[in-house]
Amino acid sequence: MYEGKSILELHELLVSKKVTPLDLAKDAIELAKNDNCNAFEYIMENEALEIASNLGEIEANNPLWGIPFVIKDNMSTKDVSTTASSNVLNGYIPVYDAAVVEKLKNAKAVPIGKTTLDELAMGGTGTSGHLGITHNPWDKEHSRLVGGSSCGSASATAAGIVPFALASDTGDSTRKPASFAGLVGFKPTWSRISRYGLFPFAPSLDTVGIFTRNVTDAAIVTEVLAGRDDRDSTSSTKEVAHYFNKIKEKCEKRRIAVVKEIVETIKDKDVLEAFNKTIVGLKEKGFVINEVSMSTELLSSLFPTYFVLSCAEATSNNANMDGIKFGPLSNGSTFEEVVTKARTKGFGELIKRRFVIGSFALMKENKNDLFIRAQKNRRRIVENVNNILKDNDFIYLPAAPSIAPKFTDASDRLSDEYLIADNHLVLGNFAGLPSITLPIGFKDDMPFGANLMGRAFEETELLQVSYELEQVTGLANIYAKGGRK
Amino acid sequence: MEFEPVIGLEIHVELKTKSKMFSNAPVAYGKEPNTLCAPLDMAFPGTLPTVNKEGVIYAIRVSNALHMSIDNELHFDRKNYFYSDLPKGFQITQDRRPIGKEGYLEIEVGGKVKRIGIERLHIEEDTCKQLHFPAFTLLNYNRAGVPLVEIVSKPELRSGEEAMKYVEKIRSIVVFSGVSDGKMEEGSLRVDTNVSIRPKGSNTFGTKVEVKNINSINYVQKAIDFEVARQAKIIEEGGTVIQETRRYDDKKNETVAMRLKTDAVDYRYYPETNITPIKLSDEFIENAIKSCPELAESKKKRYIEEHGLNNYDASLLVSEKAVSDYYDEATKHSKAYKLLANWINVDVASYLNKNIISINEFPMSPERLVGLVKLVESNEVNSNQAREIFAKMLQEGVEAKKAKEILGISSQISDMSFIKDAVNAVLAENPQAIIDYKEGKGRALGFLVGQIMKKTQGKINPKITSDVLLEELKKR
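Chains A and B, in that order, are what the protein sequence lines are.
Under this note's numbering, residues 16 to 500 are what the first sequence spells out, in order.
Under this note's numbering, residues 816 to 1291 are what the second sequence spells out, in order.
Read the hints as simulated data drawn from the structure, not as lab findings.
Fair warning: this is a prediction, and the values are worked out from it, not measured in the lab.
Be careful, since some hints might not be right.
[Claimed, not checked] Within a straight-line C-alpha distance of at most 20 Å, the following computed EDC-like cross-link-like pairs (lysine to aspartate or glutamate) qualify:
{"hint": "1", "chain 1": "B", "residue 1": "K868", "chain 2": "A", "residue 2": "D244"}
{"hint": "2", "chain 1": "B", "residue 1": "K944", "chain 2": "A", "residue 2": "D245"}
{"hint": "3", "chain 1": "B", "residue 1": "K1094", "chain 2": "A", "residue 2": "D245"}
{"hint": "4", "chain 1": "A", "residue 1": "K382", "chain 2": "B", "residue 2": "D910"}
{"hint": "5", "chain 1": "B", "residue 1": "K868", "chain 2": "A", "residue 2": "E351"}
{"hint": "6", "chain 1": "B", "residue 1": "K1289", "chain 2": "B", "residue 2": "E1220"}
{"hint": "7", "chain 1": "B", "residue 1": "K894", "chain 2": "A", "residue 2": "D244"}
{"hint": "8", "chain 1": "A", "residue 1": "K379", "chain 2": "B", "residue 2": "D886"}
{"hint": "9", "chain 1": "B", "residue 1": "K1037", "chain 2": "B", "residue 2": "E983"}
{"hint": "10", "chain 1": "B", "residue 1": "K833", "chain 2": "A", "residue 2": "E117"}
{"hint": "11", "chain 1": "A", "residue 1": "K382", "chain 2": "B", "residue 2": "D1081"}
{"hint": "12", "chain 1": "A", "residue 1": "K379", "chain 2": "B", "residue 2": "D910"}
{"hint": "13", "chain 1": "A", "residue 1": "K356", "chain 2": "B", "residue 2": "D900"}
{"hint": "14", "chain 1": "A", "residue 1": "K340", "chain 2": "B", "residue 2": "E847"}
{"hint": "15", "chain 1": "B", "residue 1": "K894", "chain 2": "A", "residue 2": "E380"}
{"hint": "16", "chain 1": "A", "residue 1": "K340", "chain 2": "B", "residue 2": "D900"}
{"hint": "17", "chain 1": "B", "residue 1": "K998", "chain 2": "B", "residue 2": "E1051"}
{"hint": "18", "chain 1": "B", "residue 1": "K1147", "chain 2": "B", "residue 2": "E1121"}
[As the list claims (entries may be wrong)] Just so you have them, the derived chain B footprint on chain A, three or more residues with Cβ under 8 Å:
{"hint": "19", "stretch": "90-100"}
{"hint": "20", "stretch": "104-117"}
{"hint": "21", "stretch": "176-186"}
{"hint": "22", "stretch": "278-288"}
{"hint": "23", "stretch": "323-335"}
{"hint": "24", "stretch": "367-378"}
Note that the Cβ used here is the ideal one computed from N, Cα and C, for glycine as well.
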């Protein structure tokens, strides 16, 4: 009944008492139960109904009051199963809520489920979680992936089950599936949102991400999530601006850079056409579009740099999974036996691969050649990006080379092709800059998006410009109708 | 062939901060297992470390006491390895930028002062405690995350004795600076050593053997002496020393092979990405240094130079922080330094030993002791009487004046004219004694004093009496 409605639409219904939070929660839970895209790890039926029944008086000035949402299963939820879609955490029930979950609960939003992800957030296809493939609701044939690692959150939001979802983004895990699923996928500045309770993959890159179906909703949610949290000492103490109030204000910063070498790697004519059309639209709105250059050599190094650094960090961050303190306990007569069994059984093959690579990169004899060289290269990449953002306010690019690939096309294994078009979003993680994907067109009934990236802590400006872009495309609030049983 | 031992010490000191180094769980000893744990200490997914400021301040105190240069940025790294006592699978430590670098401490050997270089001091976190049983191992996470500083010396120690003195000095520093209990038996101070030997005069290093499980200060010397002798024997017999880790067995007084030490485990160090580098302002560092309580060395110097105590007395007072604190408190109320030192080092010490308690449990406050000392100082009582009063004070828990009253001790007479009269009276009654004294017969003086005591029923101050007596004898 309420599927596909935006936060503000639902808020309107709640304020005018046409609907109650309990109605919304029940409706969302029903939609979740009928979801055939395998987007859910766990539906929080009892928890959601309990919360929705006890919200008290409506808060007219609080747009999130009573609004249902979903949580990517790599975020700690108190007393609710959290597995990170990995068997190594089967049965793990955390004793605490992640900061972002806490904030949304305090804002009286209603969590209705935990969504699937690529195992431990490592992956970009939405196929490696322990419950199997998560589907793209736009493709009724279920022949195309939804992307990852935030596959479940993307799928549930794209199916209209909830108006917003919590996700995470380490290499592009929110912003790429956003493109494949016709969503707004927002990754704010690194340190803008507390990572307390976000299971770490690569903390120097990890950021909480948000899915919505329009830019204004993204502003609403981000404003609630952002801010200093003393439990995450890396979180920024900078004051949080009023993203929501300012969203319709015309942004003063109007210089947009398009990176020539990246666009050149995109072969899909429909994507390029739609992209160019938006450029025209932006120009009409008074934006100045500058073509800038980045060396192809540097761009080709994006993926290997990302892979070395993230695998190295991931290896260390998952060394706590031994089945002893939490997770399924294996038996054995020595510590080595117990831990080896638990980790061998618990981790998927792709994860083990990444751990091997990560350990290899940090070994004494390889550290200089691999890890340190990657760190230095990251610095070089970031300097490059920041240089572009000296004379330009935003960088604007197609988010992905094309629409969601078919399963038969994609592979998450190590490949020799460092496709620049497929990996440029990681620039936002390397540099820690705010970056947002929004839909710009359709091809074969599948959506695709473009990505805007701004300067650190300039979320207000980035959201304002995204709002204008949304007006150019006219593609706010799209969702895949009827994608379930 | 004459060998020279080359010894380095790695000392881990547990800091007695209120909470752990990276979590807010409390730090306490001997509590029920697994009751002092925050989710981070058990490495629950998604938990994050936050830096304990007090721990940093403590580390700066010790670095400064060891004359080290202090880094003005705080950086942490991960030391990655798998072991049952390491919940996260890595330890947060400082690899690249230890907070303290290039310092030294001085020890006294054979009457000479020797300077031992200290390479680094860094902050890290402690591991779980393990209890091994035949069929299983129990893990207690109370200790996981407790702050540690690791102090690494340069290999400049040359004997077991020197090493023991180094450890004593470190212990004194960490206890007096208020940062640790420094108890080897409780594990708040742990010593590992690297021992090798080389021909005397050589500049190269022999094969290093690590020795662990040294549980008391005395064993430091014993373990090292044994190891040096063991290595010397091997080489003299034409063999080679194997690089390994050995365990000191204190019952047999020998080191036993534990495991082969392959050339350093690869810990795959890299920066701790959940703690961004922290700038330490000059002010912060200065305040940390200023906040340090007075160290033993400084107290001893002060006692000798300003209080006129001798080296022996001063050393005794600073052998235990609590004792020197007691003395310091007492000197706030009295300037009778020598008297106070004596009472504390002899009478108080004897009481503590007999009752097997520490001065912290001593039932007489420094002020009370001063009350007694004041009586002695003013010659109101003699030393025997003072001891009686002391005992009574402890027995009844009363102050000096009250105890004196209970005992019925009347004040010693110190009135000059009374004493003079008594002296002259006795001299008049014992002319032979005067002659004996003048003839150099030693016992005469004692006899005369005894007579005076008898006459005054012992109430006269003996010291003043003998002074007056000598004076009067001179006149005759």
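What hint numbers does the structure not satisfy? The structure breaks hints 2, 5, 6, 7, 8, 10, 17, 21, 22; every other hint is satisfied.
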